Amino acid sequence: MMLKRLLPAAAVLLALAGAGAHAADPIKIGFMAPLTGAGASDGNSAKIGAEIAVEEINRAGGIAGRPLELVVYDDQANPAQAVPIANKLIGQDQVVAAVSGSYSAPTRAAAGVYQEAKVPFISAYALHPDITKTGDYVFRTALMGEAQGRAGAKLVGELLGKKKVVLITLQNDFGQALAAGFKSAAQRFGVEIVGEYEYSIKDRQFGPLVAKVASDKPDAVYASGLFFTAGPLVGQLRSGGVQATIIGQEGYDSEQFLKIAGAAAEGVIITTALDRDSSSPVTQRFIADFAKKAGFQPDMVGASANTAVSVLAAALKEAGPDDRARLRDAIGKVEIPAAVGAIAFTPEREARKAVQVQVVKNGAWHHYAVIDDAELLKP
Amino acid sequence: MLYLELLVQGLIQGSLYAMIAVGLTLVYGMLRILHIAHAGLFTLGGYLAVTVMNATGSLGAAALAAMASAALAGMAIYRLAYQPILDKPPFVALVASIGLYIALEEVFRLVFGPYGLAFAQPPLQTPVAALGLSLKAGELAMAATALIAMAGLYAFANHTRLGTAWRATVDEPQIAESFGVNPVRVRYLVFLIGSALAGLAGLFVAVLSNQVEPTMGAVPSYKALAIIVLGGLGDVRGSLVAALALGVVEAFGTIYLGDVLDRDALAFAFMIAVLMLRPQGLLGGR
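Same order as they appear, the protein sequences are chains A and B. Just so you know, we're using this note's numbering here: the first sequence kicks off at 1 and counts up by one. Just so you know, we're using this note's numbering here: the second sequence kicks off at 380 and counts up by one.
Hints in this document: simulated from the structure, not taken from any laboratory. Among these hints, one or two may not hold up.
Facing chain B, according to a computed beta carbon distance under 7 angstroms, are these residues of chain A, among others [stated by the list, open to error]: (1) G231; (2) S239; (3) G262.
All values reported here derive from a predicted model rather than from experimental measurement. Yeah, the Cβ is synthetic: ideal placement off N, Cα and C, and Gly gets one too.
Construct all of the structure, not just a fragment, from the sequences and the given hints.
The structure is reproduced here in structure tokens:
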């Protein structure tokens, strides 16, 4: 009997002790990325990028004396995994906010859970339009696919002056959004589309496609892809005799693309998020830290995840970790120099930032141009 | 001109499918097992080829490593995974095989990393201009290798004692055994040959796309299934024809039907269409 009466008192004491330790407790940020399965390479880069941001903030003293802690789960790029992970991060790990270092399908699935629980959620590089439309707690630090596609049309028609273009489109949300954006702006920049083809994300052998593109004789090829499809595609276009300028996007943006495409990568131009020759000390520090931690050169995915965590940290400094509605408002007002350059948010919670145009020169990514046309890039 | 180019590209792709499908159809013909893990041996061959090539610079050593590693792994799969469950219903082996394939994918990822590998100096990249077509040395080498391998296999099956024993075991296992043929030896032989060819196919895919990835076997795993069904299950000649036909159908289909069906859907649409007209397979006479 005695014991039973004592128990609640002990619980109160424990809770008080817990509250006392509160000041030094880490602030938890949830993070999901595909660490196994087909998306494991991107997931790994995203995780490293996010960890670098956390380490940097903690070295500088954390948020009001409390360190940040990244709680990481593997979603296997699978929407069916993303929902239980979101529930776990919110219910069990009690994170103040979360970042997705994953693709569109799992990010979209998780967004609903975070919105429902009113926990701020940032998509680092997943581009599906519906992600941010889920609700006012969901943000994105990458430019939407259509905006990038429009930037691609400007790059091809205006900056490069190429008019006859073949479109090769990856059959998924990412590729189709890029193609839609490119086509919507093509006429404006005097670009004529002379051929249009699609391929599946599983394709690595492009012989027939290359033969057809060669017979179309374009000035430029606007091909969407991820490094593991774009690498073989670019290599096979060149060895199949296609000499036209090849324009890609941020899916190409990795060291692995350069390895796979080899000499064929020279001269390939992409619209992306990371400027290797940036004069921004924040970007340069990220590039150095990433190479040191990962053992290979940084990519767009790593830079985007790094940016998403930095944005969250900046908002936490402003609003503190205790009120998620305040935190949400603070994210919307963030304006910081990040790994991907200066970033802020539109009222639709989409990134407001410039498109970095990079070219492959001597086997490495280099600055080619910046497209910073607010009208063209608006969501 | 474009049509000729598409036809040639289709035959090249078909020769790749043939090299993968032959092992699958041999195993099915002998044990009635749908050997999904076969595609894992294809991946293994690709990884070993790139690793050995990058370490030694010798394409010959790379080819040997690809074939030997796949052959040994194939025989080990038979001994450790299939032999203990041969008396179970066929779906047991199928489930084991699928599980094994998924496990292999993750082993490749753990051992070689998630980013895949590429050749430091990709071999066989020289452009070859013939008949006004622009081909790569690797594409010609792959088609030639497939042709030689199939011819060799045919000669072996029809003109050697071991080949005769093998055919006898497939057709009449009990009678063959009573004539002194050791069926277990023949089974190892089937796994050795089929797996070595899959390993070699892995090398050629690595050469053509200059990359190997943990999941590179996923597409061949089910496409080869479509091929052996098309060829009339267990029929080697039928599978070869089906592989080449599928390559050509895909080459034209990706260009002219790409808006309607993607490449993989095409393979199965083709399979369904053929099975509706010829349920016994392309060459089957039953």
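So, going through the hints one by one against the coordinates:
The criterion of a C-beta within 7 angstroms of any C-beta in chain B is met by G231 of chain A, whose closest approach is roughly 6 angstroms, and the hint holds. A cut of 7 angstroms between beta carbons decides the hint on S239 of chain A: the least distance to chain B is about 5 angstroms, and the hint holds. For G262 of chain A, the interface hint holds, since its Cβ comes within 7 angstroms of a Cβ in chain B; the closest pair sits about 6 angstroms apart.
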